[in-house]
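The chain contents come next:
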Amino acid sequence: MAILTTTWLGQTLAHPLIAGASPLVDDLDTVRRLEDAGAAAITMHSLFEEQLVSEQLAMHRHVDGWRGMNAEAADWLPGTADFLLGPDQYLEQLRKVREAVKVPVIGSLNGSTPGGWLAYAKLMEQAGAHALELNLYALPSDPARSAGEVEEEQLSIVRQVVASVRVPVGVKLSPFYSSLPHFAARLAGAGVSGLVLFNRLYQPDVNPEALEVDRVLKLSDASELTLRLRWLAILSAHVQVSFAVSGGVHDGRGAVKALMAGASAVQVVSALLQHGPGRLKQLKDELTSWLHEHEYVSVQQLVGSMNLARVPDPSAYERANYVKLLQGWHKR
Amino acid sequence: MALPLHPRTAMPQQTVTVDANEAVAAIAHRLSEVIAIYPITPSSSMGELADEWSAQGRTNVFGQVPKVVELQSEGGAAGTLHGALQGGALATTFTASQGLLLMLPDMLKIGGELTPLAMHVAARSLATHALSIFGDHSDVMMARGTGFALLCSSSVQEAPDFAAVAHAVTLRARIPFLHFFDGFRTSHEVSRIDALDDQALRSLLDAKALSDFRRRALTPDAPVLRGTAQNPDTFFQAREAGNRFYAATPGLVQAAFDELAALTGRQYRLFDYVGHPQAERVVVLMGSGAEAVRETVDWLVARGEKVGAVIVRLFRPFDGAALLSALPASVKTIAALDRTKEPGALGEPLYQDVITALAEGDRGVRVVGGRYGLSSKEFTPAMIRAVFDNLALPRPKNHFTVGITDDVTHTSLPYDAEFDLEPNDVVRAVLFGLGSDGTVSSNKQTIKIIGEYTPNYAQGYFVYDSKKSGAMTVSHLRFGPRPIRSSYLIKHASFVACHYAPLLERHNVLDAAAPGATFLLNTHHDKATAFAALPLEVQQTILDKKLKFFVIDAFAVAKDVGLDRYISAVMQVCFFKLSHVLPMDEALTHLRASVEKAYGKRGTEVVRRNLLALEQSLGRLQEVTVPKVATGTPRPPPVPKAAPDFVQRVTAAMLAGHGDALPVSAFPIDGTWPTATTQWEKRAVGLEVPAWDAPLCIQCNKCSLICPHAAIRAQLVDPSDATKAPSAFKTVPFKAKELGQAPSGQGWLYALQVAPDDCTGCGLCVAVCPAKDKSNPRHKAIDMKPVEPVRAQERENWDFFSKLPHVDRAKVPSDLKSSQFLEPLFEFSGACAGCGETPYLKLLSQLFGDRLLIANATGCSSIYGGNLPTTPWAKNKDGRGPAWANSLFEDNAEFGLGLKLAVDARRQLASALLKQHGGHLGDELVTGLLEADQSDEGGLASQRSRVAALKAKLAGVATDDARLLHELADALVKKSVWLVGGDGWAYDIGYGGLDHVLASGADVNVLVMDTEVYSNTGGQQSKATPLGAAAKFAAAGKSMGKKDLGLLAMSYGHVYVASVAMGAKDAQTLKALKEAESYPGPSLVIAYSHCIAHGYDMERGAEQQKLAVESGVWPLYRFDPRLVATGAPPLQLDSGPPKVKPRDYMKNEGRFRMVALKDPKRFDRLVEAAERLAAQRRAIYEQLAHVHVSTKEHS
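Keeping their order, the protein sequence lines are chains A and B.
Under our numbering, read the first sequence as residues 1 to 332, first letter to last.
Under our numbering, read the second sequence as residues 1 to 1195, first letter to last.
Watch out, some of these pointers could steer you wrong.
[Said to hold, decoys possible] Heads up, simulated SDA-like pairs for lysine to any residue below, C-alpha to C-alpha not over 25 Å straight-line:
#: 1; chain 1: B; residue 1: Lys774; chain 2: A; residue 2: Asp205
#: 2; chain 1: B; residue 1: Lys597; chain 2: A; residue 2: Arg98
#: 3; chain 1: B; residue 1: Lys1141; chain 2: A; residue 2: Ala58
#: 4; chain 1: B; residue 1: Lys601; chain 2: A; residue 2: Gln126
#: 5; chain 1: B; residue 1: Lys559; chain 2: B; residue 2: Glu240
#: 6; chain 1: B; residue 1: Lys774; chain 2: A; residue 2: Pro208
#: 7; chain 1: B; residue 1: Lys559; chain 2: A; residue 2: Ala119
#: 8; chain 1: B; residue 1: Lys772; chain 2: A; residue 2: Val216
#: 9; chain 1: B; residue 1: Lys559; chain 2: A; residue 2: Ala210
#: 10; chain 1: A; residue 1: Lys122; chain 2: B; residue 2: Ala593
#: 11; chain 1: B; residue 1: Lys341; chain 2: A; residue 2: Ala71
#: 12; chain 1: B; residue 1: Lys597; chain 2: A; residue 2: Gln203
#: 13; chain 1: A; residue 1: Lys96; chain 2: B; residue 2: Met784
#: 14; chain 1: B; residue 1: Lys1161; chain 2: A; residue 2: Glu152
#: 15; chain 1: B; residue 1: Lys774; chain 2: A; residue 2: Val216
#: 16; chain 1: B; residue 1: Lys1141; chain 2: A; residue 2: Glu152
#: 17; chain 1: B; residue 1: Lys772; chain 2: B; residue 2: Val732
Treat the hints as calculated values from the structure; they're not laboratory data.
Chain B extracted, bound-state conformation (with noise of 0.2 Å):
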């Protein structure tokens, strides 16, 4: 598979190899002072880099080094924007979907000011029936109206290219220009482009508007007032004022594309037009589809077929006659595709503006409408093909979609999913990695080397599952001699590499091979052996397909140069071996130069490392010999026979990889999925489970209780049921007695079991055991073995274990231990291995599961709580379990707050029909429904008996208040209603609205799970981030101190507070969770969790929390309002003073270290402030925790 690539030649120094965020960040940098952000997938690697070129004093286009600010929305960086640019500074920000809907209302003010501003917008989709991170134009049409400019770029290239027009043309036009592109396919796509430097940015610039700008500037030297309010006499006129700028933008565009032509040779027209000159069939449309539309129309032409597309530039100001214009006489039927949906419209916006234009321009040409790519769904030249064929019909269809299946309202066309137009002289690499591996960096790598050392172009993309441990990559890499426009996934690749062989145990990765491709596999097998252990379907692609078969064993080298799991390198040198992209001498050299510039900040040792794998590498890639037959066992189904019809038929056609081929009917109508799914998918991602010594346990559930994914569980069993088990199961005596004995009359017997197949093999269990071996100290009650040699056998413990009855809730004993053997109804979530804070959620779900409501904020909760295809909220055998779900980041309190009152109309209208039907019913029961006690799980299962016979009793009678009472029944057992989410939400994004709730005294509780940064989107930093810390916008580390959630809250008086951290004092938790759930108000409970954003091993997550507490960084207190009225102090501090010091606790951590390491007189002053500032909250706390609240009305 030797590839015609050109020989190396210098290339023009203004080639870089970067992704369009960067592209543009690199424009929006460079042209402005201010920088407001916030951060939003797919946008946020922009406002980072912005943030780094800041702080490494990178100046602008002025001379100055912009100031970027991190705000606590994105509605707070709007404001600050409008107020940056009234006073006179040129500002820009960087946002993507709800982000953009948070800015309208300034985006509003900023266009009915003519206030020049240039901002950048990775489009994405906006949460409707679901939330998606993915790209679409949906946020962008939402701004329709708001009176800006609509700018759309379609490539990596043309993205910096219009980000620059758009700051160009602002100050010109006084319209304030959104410049998009679509998130993910282009924002992440990485491509080797030619960048605009500094001069040229500075030739783009209009002195004279430039100055214009500044002399408008807000200032007492020259009053003036902006932001009237105006009344029905003039509002009108003055919003008509401004007509004429929109009028005169679109020629301005035009004029600065054509300056950029000059300085570039790139030429764009407000549309442009590709195609035959005489085609008859036309498509238009914007975004990175357009470039997939050009590869496919020249393909078509080529094949004399008389076809076209029209790329939209400038959306907003719509210039109809320049549409017209651009589009050639002979044209018959055009096609308007849309990457949004408006429902309820007559068609979507391009189409509507489509129709508009020619309709005004008289020109009679049919239009039809489509919808593609929601989601970053695919768009390929097999369906862009297929929206031509619809056009020669003689009726085309109309308002179709393309790329899916619509077997309910037969909306999309077919599509003949094998076409490829790919040419062969373009190299396709699809590259399957484990999250951890570093594959995407050294691919990345990759692309930089082929795009800036040879002249040929490289488009890296990459795809990422939604689990946090165990996560897939998929790298799709092109190379070849012209731009790359396929701005889609690779479906025939002549290289596939695997770099994690049990992905071939879950994933078809020989899907994307063409024949004849070249397969790499990083597996422990020699060339011998690694055939035969492949599975079946595998060895049967590799015959069907010609592959060509390598194996290396990556980790052994790894291993042996000292790389721990970090193979890299390893992969990286073997794909530049077998895929013949430069000669291997060249590939070598520049591979041990990026090595060097990659990793020679991190010091020579990792460094000599890397170089070693590189050099070891080649010498043990082994060519295997592939059989004539396959001979391996078939792959297992992707869910269980025992799976219930929906995961059967749409769950695991999601987790087989094949959710793109779903139709509409398989999908929920309303966004409603079922729980308790994550039992379906058995990821088998840890290598190490732990083994359990039963003899030498203590049986303290300490291991059950922090694992954050419910896969070591501790359970009583009957000794009747054990008589049952696998040979292999292994019971104890259960050594308490508070549990008495079993049904069976017998003591109780006690199991620990791991779910093999589910854990992450974090070691989390391990670290927090306290059984030693007494004769052999590194020998624990639990230990982590590896698993391959018990998994068989574990599966079928688990099986057994995971179908023994529960122990009667009612009878289970309040303390820490007995919490354990109530079911977790949250379970092997995809959260990261040693995730702090899935353990508050799964001890949560089995304090409170079975009448639980969670009202969960945007973040990481809700990925791993709700991302599909599974989720880990899960049922108990009565079906019942925490129902969830997800509104908004920024609204979640009050979201939260509505699910309570909800609760409460429905209980105060069964109570209400109770009490006008007592007689009926029996006054013992009604009276026993409407005064029952349900503080205590013996309460709450009286109840649930009492509406039991309730609902038996109104089973009979048909009149409509039965019905209506039967229905609400329910209704009538406590329900606990929880607000959770992460610190982005509780200390900014949704601060307003949590304060509001809390203040409110509605009977909510609050779990905030504080990671002390945005940890989902990548660690920026919040308020809740800690003085001395390194995170995001704050790499230099934070100089300003935590906020204090817990004394904002507790200053309120009536809300009941608790600072809790499990890893540090675990029955502290328990009771702070539990007191919280029984007060008859608002609740906060502030839970400290370890998080990867902190830059260490999580399995040393609860040691960490214990210095967290012992130095008094993280003081543990519960403040209950119900103590006022026995005449004790409302604060219960639960640490004792300070035994470590807060340095001791900080030099554990990446994120503090990383600061000693750049400056560390600056992390000694950090230091010590931190040490005064847990003084200072120490000291505050200890004299409230003595203070005595009267409570007599006249003291």
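Isolated chain A, as found in the complex (with noise of 0.2 Å):
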């Protein structure tokens, strides 16, 4: 029986495979189902910036912007003295998913833009997250922002919640960076403990007949693997700290290879919605016949050992790659 045990976040996990962050956690129900079929590790669904400052917002404007221009009015709700408006519901949560399993919990964090948001990490910590996930989902479409602009203002998020809080903290990244090495370096740098690579949030869809926008949420499929076996391998190389794999693993076979990529942790999302937190021991079993059908000992064994660095020939994860492809095609 090969040893399964690996480290993610400052965490020992008992295996690489954890839930990703997803609103599987809004049920303590589910959740103990989760940690049943052996979740290593629970992260909590994204608290997001958006919601957070919107909402804030939604009400300043609704209420207080309304407050005191009327004579036989002074407003028009109810005075919320005694309530507070913020993420109360997603701390509550997240003290009881900590309270309801034994595994790590991992509180998420999602914005792009620095601001009082970002306070919410401190108080994810205070109630009881063994770690944060950070996510930095921002699409730059401001022609006069540079690379290197984008670049600061993240890091600087991602230092200030560093300094804020004790636990380790992971930040989930998007795969549109000039040089996602270069930016990994130095999130390294800034104290990150850990990347996830992707995240693949909201994807905008056009509706020709309405002609709008709509939002679809898509689950992942095994084809979105490779786009991050890739990046696993080039980035597990060269930066020193712990990687997770998110998107793409639906098998046993699929978190076999992104481990040997590089990645220390393998989150399951789509899977799990789709056949129910009972899917992840099945993976966990295809995990594990995999390494004893193969005779590793260890994952490991596993890690990194299909990364750049390791790889028999590297430049299968470079530019050598296409062209090696094209005349694969060619010569057929």
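Join the two chains, each given in its own frame, into one complex according to the hints.
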């Protein structure tokens, strides 16, 4: 029996398969089922900057904004002195999840601009999160801002969060950077403990009849794994932090590939949303069987074994990959 | 202008900075077990606070959380009080004005039964020739005969003191107490006061009296009977049996005053005398005016004048001996001042009582009576001095008025309006803001900072205009080393701020500035261009008064820190910088703390942004170097020259802020005012207006339909008229064919035009516009664009457009699009930008406006419909238009029925006269008139022609009958009587009457604009509030379902009922209004009306209406009893089965979000309940929609 233990964000995990950020944690029963199925850690769903900021500002606007404008009505909505508007719900749920399970619980914050919302990192720590995952999901759309400026702002967010908490902080990235290795190295320099590759949130879709853009959330499929494998392989060879894969792992074999490319942990979401929490156990069994069949003694043996530094033909991950593939087409 | 304020020292713990409503509620809540209320201005906040405190679990001095209940009317609240008191619970209520009148019957019972009760009244004018929300004593004076003690406090400090005394003494005296203070001037004045702690309150309660009260409770354990009916043999004696309690009460009140003095050092007497010990001239009065009188008396006595004042505390029972002993022996003349009017009386109540007391005490002093301060009319030292001057005359004027110019019956005393006695060590600041910019809130914070962190006294009073969109607020702030008794507006301020530069175009902002004062302006101009951009008059005033002038671009700061247009923090920090009331570093510390306190509950980001605003503002404040000469452009006149004479003379003065100067002769004698006046008030409150891309437009007219202000209109234009159009005026060929050719024989042109000075920029029109540019879908056929670059051009276009002839009503097809070619006779109201109610009224005016009578229940619609200076109800070119009246809140259905009965009576008399004189007039004409089909516009037009012919024939006939028939002839044209109002009226206070009118079978039409809360008084729950929504008195989210008013009405079978939501299905709304009008019996149309009380951007109102319908929360239907005769089910469902979840509708509105944020689990339960309820309603309606009602007599 191979040794499955691994480390992710400072936590020693029984095995690499963890529940990624998803709405599954909203229900405590599901959380318990995830633990029963063997999830090595639970990532909370993300607390969104937009959710925090826009909710606050909306209340500010619609309650405070109408205050004191009329002789007859001092305001139009009941006094809010007796309730707090903010992520109390989230923190409360985080506390409950912590109480409900024995495995590490990772808080998740999602945003892209510096602001008051970052204070919630500390609150998540206080609510008992073993580690935090900071999801930097932002697509630059302003031509006046250079890549450097965008990266600087993101780094400053990361530094603020890292400085405000004592628990390890992981950063979940998008694949869209001019020089991902350089940025990842700077994140590591900023004190980040781990990187998650990659986030995949709402994808806009065009509604041609309504002339509107619909936001759709599609579950991942296995085809998304290859992009992650490449970047895990490249980054894990250069950047001294631990890595987790997120997106595209739907079976044990996929998990093996991700671990080989450099991941220490494997986040699973879509497979669980599709098949239920019990799917995690199957993945774990598949991983164990594969290790057994291929005579690996530990997960550690696997991690990074196929990354850029160790793979027999590193050019396969680089630009040469493209040329070879084209030639391959030509030859056929 | 640095001011000699004291250094900061520790304050006594019990110092609070509050308004009187809050101070009184804090007493009443702690001394009551049951609080039964109903919202009414200006007392509403007392009930709201009590409810909030109970919701937070705050306890009374007995350790219990008082139960707060909102009733369906003040009558209901009084009944509940009566019951609670009989049951042995300490109870209280808060009310004012008509609310107090509705309580009178129960008050007589409570008084007759010698039941201890302390209630609190923010005294307010009674509606007579007009409604007024402002303060005077006319309401309280109606309660003189109830057997209640009437105790009057004069200031924010006295209000809680007297409230406590009222609660304490009522138990000892057994006489119920009505404690009152002046609405607004005291109820809403924010002031630093010493509060009474629980210990003090407990020590005022008499344990034995309390236990006696509890022992008298109705209980089957010791049964008694109350509320008997008595006969002539006994009633009289029994009524006299309680006399001794009245005789004892003044002594008990004085004893409690003395106990309070021992506790607090504040000594009050039944009649407090202030002034010269040998005064010869004395004023007697009560209420907030007494504060200004004290100030004036001090000033006059300091200058050697022998004057004084008696302040009445306990008005009932009136202790004549106590009054006499309060008066110095030297008094020669007395002026008794009443803040009320009793037409036809020998004098007002206080005057009569003073005379009686003096006569009974054999004191030969000359007494004159005067009226002042009705409806919060200013009562200033200048007026008070005039009263003393009058007393010095050999024959002082009696039955005078002061504060107005009565040039008709010449009652008024002249006064020197420039007289001012305020000392220089009082900092005075006047700040002009825009309703939604946070000015008032931040000024209240400023007062709290000064009041609570410095030894200085602070006073704030806030004046609002009656518009709900683009409303101006004026904050009057005073800070000084002594208690502030100036119960009047500031005339000479050392600091004036204008938080919205366009206000300078319409208001004399700098009138309030003292010479050498500081003027702060929020403007996008910097110090280099700011002066040049001011209107000429403002420039001249700055020069004349040698003002110091500062500018800041507060909107830019707010935008930069992400606060949209919420500039309160910016302007507040600038105020502290320029007014020097505190050292700046200390001010910043307090400001930061107050931001944390005010917005901490909103979350860190709101706090962060407001703190950022504080930091960034000071660096962007600039002083303007004022040039030596004024070079600006003069302000336009308040109304254009084309306005009618009355508007020029009266309305214009009111618009210019000079209404106080209008003499009695300027006014209608009976409350009758002209309509169609909003067109003369160009408020220019919108920053953006819709811009029309004519080729892209599909001419659907949805923008025009939804516009709450009739500020974007569609019109068909005859090409022969278009030739005279301004060059920028746009038309395109009209796409539809139904309307045929224009009169010139050419095809119609189509024009869509915005009124640039009347549009509020709400964006509803753009939100509903379906026409997107295919190559750039962000661009629609109308887009919101900044108004300034196009204002002049669009003004010219509007002027041309508004004079174009309208399409002949008789030819307009009945579809929705065409309805918008009918002239709206409801325009440019002051309703909130994006109002959900007004589109219905406007449509009503388009459909039936030229023959429409409206009975309007009090509420938002009576305010934007009838609050002076202008009214949106308009007239067409023939001078016809809606005739509108507001009676009361509670009686609107009955009032409307009365209107309908009168319409019928006039038509009946006219018809009878016609029949009598048929021969002379020609049978054909008479038959035509009597049997006219007036079911459509063509029929109506023909009838109008017949009436014109009739009048022409009658013109030459000199008999009485002919003259009468001539007068009544127009009654032969069908009238449309509509009873309109909100849900507070229809579901709650007026439901009994509405139900009765519907049951009566009368041919009236009811339009309920359902905002699901009491919108006008600030969002209190009504029975229309939906399950799950937060509203005042349902802060945790309403747990009971909305009353199904439509189903109740359908149960009669003979009532036409429709449920509509214009934003969801406009054609159904149109159909329902038309069917309702045509139905020859009672009709009820319940109209979903989005409202700012729902907590989201009104621009999305139509979208939310759609979701309400699609989720099944607001089903659309029409129940038409006429269908029974055709064999069809009378109920037709106009909305399909739910397509979306109620949650998807609810999640977009603040009223539901608040509940979700506060208690997600509870919200989930409420949502599930709402979903069940919607499904059940749907199921019931679906079944009803299949019910065929037999028309056979024996089935």
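Now for the hints, and whether the structure bears them out:
no.: 1; hint: B:Lys774 to A:Asp205; verdict: holds, 17 Å
no.: 2; hint: B:Lys597 to A:Arg98; verdict: violated, 31 Å
no.: 3; hint: B:Lys1141 to A:Ala58; verdict: holds, 23 Å
no.: 4; hint: B:Lys601 to A:Gln126; verdict: holds, 19 Å
no.: 5; hint: B:Lys559 to B:Glu240; verdict: violated, 70 Å
no.: 6; hint: B:Lys774 to A:Pro208; verdict: holds, 10 Å
no.: 7; hint: B:Lys559 to A:Ala119; verdict: holds, 22 Å
no.: 8; hint: B:Lys772 to A:Val216; verdict: holds, 23 Å
no.: 9; hint: B:Lys559 to A:Ala210; verdict: violated, 32 Å
no.: 10; hint: A:Lys122 to B:Ala593; verdict: holds, 22 Å
no.: 11; hint: B:Lys341 to A:Ala71; verdict: holds, 24 Å
no.: 12; hint: B:Lys597 to A:Gln203; verdict: violated, 40 Å
no.: 13; hint: A:Lys96 to B:Met784; verdict: violated, 48 Å
no.: 14; hint: B:Lys1161 to A:Glu152; verdict: violated, 41 Å
no.: 15; hint: B:Lys774 to A:Val216; verdict: holds, 23 Å
no.: 16; hint: B:Lys1141 to A:Glu152; verdict: violated, 43 Å
no.: 17; hint: B:Lys772 to B:Val732; verdict: holds, 18 Å
Taken one by one, the earlier hints fail for this structure at numbers 2, 5, 9, 12, 13, 14, 16, listed in ascending order.
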